[in-house]
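**Student:** Chains P and V: place on chain G using the hints.
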Amino acid sequence: MRKLIKGKPENIIKAGILILLGLYALIIIVPFLWMIMSGLKTNKELFLSPWELPEKWNFDNYLKAWSAGIGKYFFNSILVTVLATLLDLACSCSLAFALSRYRFKGARGLLMFIISGLMLAPQVGLISNYKLLQMFRIYDTYFAVIIPTAAFRIPFTTFLIWSYLVTMNKDLEEAAGIEGCKDWQALLYILLPLLKPILATGVLLTAKYAWNDFLFPLVFTENIALKTIPYGLSSMQSTQDTNWTVLLAALTISAFPMILMFILLQNQFIRGLSAGSVKG
Amino acid sequence: MEVQGSGSIIRNPVFVEMAGIMYRENKHAIKYIVPGVLIIILFIYIPVIMNFRYSFFSWASYSKEKRFIGFENYIRLFHDDVFYTALFNNTAYAIISVVFQIGLSLIIAWILEQKFLGNASKFFRIVFYIPSVISMTVVGLLWQMIYNPNIGLLNPLLEVIGLRNLTRDWLGDKNTAIYAVISVSQWQYIGSTMMLFIVAMQKIPQELFESAAIDGAGGMKQFIYVAVPQCKEAILMNLIVTIVNAFKVFDEVYIMTGGGPGRSTEVLGTYLYRAAFRNNEMGYATAISTVLFLITFFISVFQLQFYRRQIGDSK
Amino acid sequence: MKKCKIILILLAILAFTGCSGSPDTGEENKEKQEESKVTEQQPETDGEKVEITFLHKWPEESRAEFWKSVEEGFEDSYPNIDVKIEGVADDPIKEKLNVMLGGGDCPDIFFSWGGEYKNKFIREGIALDLTTYYEADEGWRNSYIEALLKSGQFEGKQYGTPFLVTAKVFVYNKEIFEKCNVNVPATYEEFLSICQEIKDQGETPIIFGNQAPWAAAHYITTFNQKCVPADVLQKDYDPSSGEFMDAGYVEALEMLQALNENGYFNEGVNSTSSSAAREMFWAGQGAIIYDEIANFQGMYEEKMPGNWGWFACPAVEGAKGNQSTITGGADMFLVSADTEHPEEAVQFLKYLTSMEVQEKMCKELGFQSCIKGAVNEETSIPECVDAMEFIETQDGIADWLDTAMSANVVDIYLANLQELLNGKAAAEVMTDVQAEAARVAKDY
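Sequences listed follow chains G, P and V, in order. Heads up, the first sequence is in the working numbering, so the first residue is 1001 and it goes up one at a time. Heads up, the second sequence is in the working numbering, so the first residue is 74 and it goes up one at a time. Heads up, the third sequence is in the working numbering, so the first residue is 20 and it goes up one at a time.
Keep in mind that the hints were calculated from the coordinates and are not lab data. Certain hints may be false.
[To be verified] Calculated cross-link-like contacts (lysine-lysine; reagent style DSSO-like; alpha-carbon spacing at most 27 Å):
hint: 1; chain 1: P; residue 1: K195; chain 2: G; residue 2: K1196
hint: 2; chain 1: V; residue 1: K113; chain 2: V; residue 2: K339
hint: 3; chain 1: G; residue 1: K1072; chain 2: V; residue 2: K113
hint: 4; chain 1: P; residue 1: K139; chain 2: V; residue 2: K68
hint: 5; chain 1: V; residue 1: K218; chain 2: G; residue 2: K1044
hint: 6; chain 1: P; residue 1: K139; chain 2: V; residue 2: K382
hint: 7; chain 1: G; residue 1: K1044; chain 2: V; residue 2: K322
hint: 8; chain 1: G; residue 1: K1044; chain 2: V; residue 2: K115
hint: 9; chain 1: P; residue 1: K276; chain 2: G; residue 2: K1196
hint: 10; chain 1: G; residue 1: K1072; chain 2: V; residue 2: K103
hint: 11; chain 1: V; residue 1: K139; chain 2: V; residue 2: K113
hint: 12; chain 1: V; residue 1: K322; chain 2: G; residue 2: K1056
hint: 13; chain 1: V; residue 1: K322; chain 2: V; residue 2: K68
hint: 14; chain 1: V; residue 1: K193; chain 2: G; residue 2: K1064
hint: 15; chain 1: G; residue 1: K1064; chain 2: V; residue 2: K87
hint: 16; chain 1: G; residue 1: K1064; chain 2: V; residue 2: K322
hint: 17; chain 1: P; residue 1: K188; chain 2: G; residue 2: K1008
hint: 18; chain 1: G; residue 1: K1008; chain 2: P; residue 2: K294
hint: 19; chain 1: V; residue 1: K68; chain 2: V; residue 2: K113
hint: 20; chain 1: V; residue 1: K369; chain 2: V; residue 2: K322
hint: 21; chain 1: P; residue 1: K195; chain 2: G; residue 2: K1014
hint: 22; chain 1: P; residue 1: K188; chain 2: G; residue 2: K1014
hint: 23; chain 1: G; residue 1: K1044; chain 2: V; residue 2: K193
hint: 24; chain 1: P; residue 1: K139; chain 2: G; residue 2: K1014
hint: 25; chain 1: P; residue 1: K139; chain 2: V; residue 2: K139
hint: 26; chain 1: V; residue 1: K115; chain 2: V; residue 2: K369
Because the structure is a prediction, the values reported are computed rather than measured.
One chain only, chain G, in its complex shape:
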């Protein structure tokens, strides 16, 4: 302590910076702690003493949240996320493969055309998409969320994989080509394993987007049985007898997988950021 105060002004600045960073960290952590703690209270405690620790730890709020629908929404979220991610990656991989491994007229124009999709916000086509999905008779099915979600991710994911592919060493593929490998075999058995790191990045970014998306499930599905977690949470809040502490428990439950995934796979996340320079 003495060192800090009596030391060079530089040290005081450093201490100040640390304190500021600590404060900012608190601003982020405290709301989460409050959320977890309040999820353990009774409704009455929440309203009468929002700051105090719960008298009794009501773990059954978490059970209630799960059975009140979060369990079902969870399943839907997983299904939609997995399928949208698969569809996105399958399309983007093939596109990137074709664009980087074949030479044909208009390839560069096509790439620009695909990437231009980034310019169009999902909201812009919202109503037309809603009409289109009805026309295709997939409105109010899982596909009504899965396909548009994947569609809006394809431009970015394609670019991500393409830029990885064009810088990759092609010796292995060439050898395969000489040995008479078919193009799809080369893609499946030789390229895909080599693409693993960038695919992981693509999966993470698309999964995060699909898991958190609120707008498409809100508009493109009707049946409550098809809704994903974000909508499920907001509908829990709008019922007449909102159980606030159960809602808080539900928030905790649905935030948890993403936080866990991030902490476990931070390096992939960061690589994704680095590769795309875009917040996914």
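**Tutor:** Frame of chain G, contents of chains P and V only:
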């Protein structure tokens, strides 16, 4: 940056030749292209064009037919106070987001890159980034409760630190509501751009800083004269994305205020949603989305330039 | 660059054909739908199950049991009909209904409020005229409380099947009233003075959550009734002739504003949701709350047994409206005009409004039935019985403001109510409402 490097490689004629060697039968390419391109055309491009057409009609979602009304939806829009409120709010969103998600997060990124922080840097990085991996719905609902004057954390906290006169009904007062919502977005996303800037800064050659230090540049000067110019591309890119996102914003507002109190927090996204699905004026809603399209389109053209540079001119 | 252009042109052609073709494809779709109807109907003649879909607005966890028993009970009596029941919460259902009806995936039977809300569906040809079904079954028709059955009518024809009736009254906390030494008020004047008294004693007089602004609309429904003559109201609420020029509208708004500005409400009315408001009331954080009698049994008696009472909004002396109406309405069900199974749908509605189910509803959900005699000492707590008796003594039930007029006017009116509570002048609010009403009337 990995991607950045690719530009120079693709410009190399030898590389182009090599790529051509591998799969000569170009007719095979088509089967890899069709599914992806079809999905993009169907669900991204066609809806945008349909949208233009719809905006010249008056129709409800359950109407059996649409009535052609020319530019009437647009004329009404330009006389609509709420439209200007929404534009103002989106603009405020953009400006504040740039200040925090570009300005502040650059500074934080710079600080976290300083050596004296040691392992604490990694801790802060993770903590600051966490909000941005969570869904806006969770964050929005959580903050809605935190702002609530009856059960929330914020007002009691202000009282404790002696700022009693600042306590208010944050989301219920039309003067503060939009800023309260915008703040939550900053809380969520500062960490996200910060991480991008950290990644960019780590790619700056150390020698640049060293030689700057020899020239007598302190931390501040190194930041301004070395770090910022070297991260120019990342800054530019994030600037565009942040602004575009500010005009696309929907979840935050829909969850936290629904556009209220009154219409004070309406943004283009929620206003078009309200017009379409609450008031059932689909034509009017598509006119709003056309405006949203024009705004995001013109900003994104710059973003596209950025990608175009990476794709490079292979001539 | 050239290639880009070619692609763009291609895209434009694709999109152009795509969109210019869309109205036709719409019709084609319809034909297809009809075709599929035919094909779908065939197996039914083989004695397969008929499926009908039903949409209500009470998805709350505590009410799930009731709906399950309705489903099972009905399917037991009608084994050839499979009913699929879905519930969507009160506020989102307004959007949901719009979207659903637009999607062509309209449920066979769906919830609607009364008033203009229901009329709009009827005018658009979405609701099925049930007059013949009602005429064919005198017993069913006569089981209703006459006035409530009428709320399901439009131009003399029966479209809606009323399910329950509810009304808005003030619920008070007996303990706080005793502590502050105040009594149930007989006039609005007295109401204001007890609020002042409660406030002076350091309690919050009224708990109010207006995050979803229909809550304020319910106050205004009541105040409009009290301040504006009935015939003027009727003319203004009709979308084809709405003007809202009467000075009574401004008075009504000022009454609400006064409650707020005198500090009779809790803090943060615009950011408190109605369910949070109830929660606060149950926790004893305020003396009075404006709520529906439908919540008496399931909520108030449950959460604060013996510690609550109710009174209707008292008469406003000197005001020009009808002082003995009550705000409320019959919640009803409409049958889709596109339904393939009208017979089965009516069958289900009859089951839903049978004495057996209605008594069960009163008992288990605490709602008030539209069927004569279903609210009785057996099925309901005394407060509900009293309230039902009180409703029948009133001159009429005023439909909720937010369902009584065109959706566009409601949208402007309600948003303005939040601003009113933020301090916007009442006269300015009415200027906005008048402008929108004029626009709607012109387009009508």
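**Student:** For every hint, state whether the structure bears it out.
**Tutor:** Against the structure, the hints:
For the hint linking P/K195 to G/K1196, the alpha-carbon distance of about 26 Å falls within 27 Å, and the restraint holds. For a cut-off of 27 Å, the pair hint linking V/K113 to V/K339 is broken: about 32 Å separates their Cα positions. Taken as a hint, the G/K1072 and V/K113 pair is honoured in the structure, with Cα atoms around 24 Å apart against an allowance of 27 Å. With a C-alpha separation of about 37 Å, the suggested pair P/K139 and V/K68 falls outside the 27 Å cut-off, and the hint is violated.
With a C-alpha separation of about 23 Å, the suggested pairing of V/K218 with G/K1044 holds against the 27 Å cut-off. Of the pairs offered as hints, the one joining P/K139 and V/K382 is violated, with about 47 Å between alpha carbons and a cut-off of 27 Å exceeded. With a C-alpha separation of about 11 Å, the suggested pairing of G/K1044 with V/K322 holds against the 27 Å cut-off. Distance check on the hinted pair: G/K1044 and V/K115 sit about 32 Å apart at the alpha-carbon level, beyond 27 Å; violated.
A hinted pair counts as satisfied when its Cα atoms are at most 27 Å apart, and P/K276 with G/K1196 qualifies at roughly 23 Å. Between the alpha carbons of G/K1072 and V/K103 the distance comes to roughly 18 Å, so the proposed pair stays at or under 27 Å and holds. Between V/K139 and V/K113 the CA atoms are separated by roughly 13 Å; this keeps the pair inside 27 Å, and the hint holds. About 20 Å separates the Cα atoms of V/K322 and G/K1056, which keeps this hinted pair within 27 Å; it holds.
With a C-alpha separation of about 43 Å, the suggested pair V/K322 and V/K68 falls outside the 27 Å cut-off, and the hint is violated. For the suggested pair V/K193 and G/K1064, the alpha carbons sit about 32 Å apart, so the restraint of at most 27 Å is broken. With a C-alpha separation of about 19 Å, the suggested pairing of G/K1064 with V/K87 holds against the 27 Å cut-off. With a CA separation close to 19 Å, the supplied pair G/K1064 and V/K322 stays within the 27 Å bound.
The suggested pairing of P/K188 with G/K1008 holds, with an alpha-carbon distance near 17 Å, which does not exceed 27 Å. Proximity of G/K1008 to P/K294 is assessed by CA-CA distance (about 19 Å); at most 27 Å being required, the pair is judged to hold. A hinted pair counts as satisfied when its Cα atoms are at most 27 Å apart, and V/K68 with V/K113 does not qualify at roughly 31 Å. Note on V/K369 and V/K322: the hinted pairing is violated, with a Cα-Cα distance of about 33 Å set against a maximum of 27 Å.
At most 27 Å may separate the alpha-carbon atoms for a hinted pair to count; P/K195 and G/K1014 meet this at roughly 17 Å. At roughly 11 Å between alpha-carbon atoms, P/K188 and G/K1014 fall within 27 Å of each other, so this suggested pair holds. Simply put, G/K1044 and V/K193 have alpha-carbon atoms about 19 Å apart, close enough for the 27 Å limit, and the pair holds. Pair hint P/K139 plus G/K1014 does not hold up; C-alpha atoms about 66 Å apart against a cutoff of 27 Å.
Between the alpha carbons of P/K139 and V/K139 the distance comes to roughly 17 Å, so the proposed pair stays at or under 27 Å and holds. In summary, the hint linking V/K115 to V/K369 is supported, as the alpha carbons are separated by about 25 Å, within the 27 Å threshold.
Checked against the numbered hints given earlier, the structure breaks hints 2, 4, 6, 8, 13, 14, 19, 20 and 24 and satisfies all the rest.
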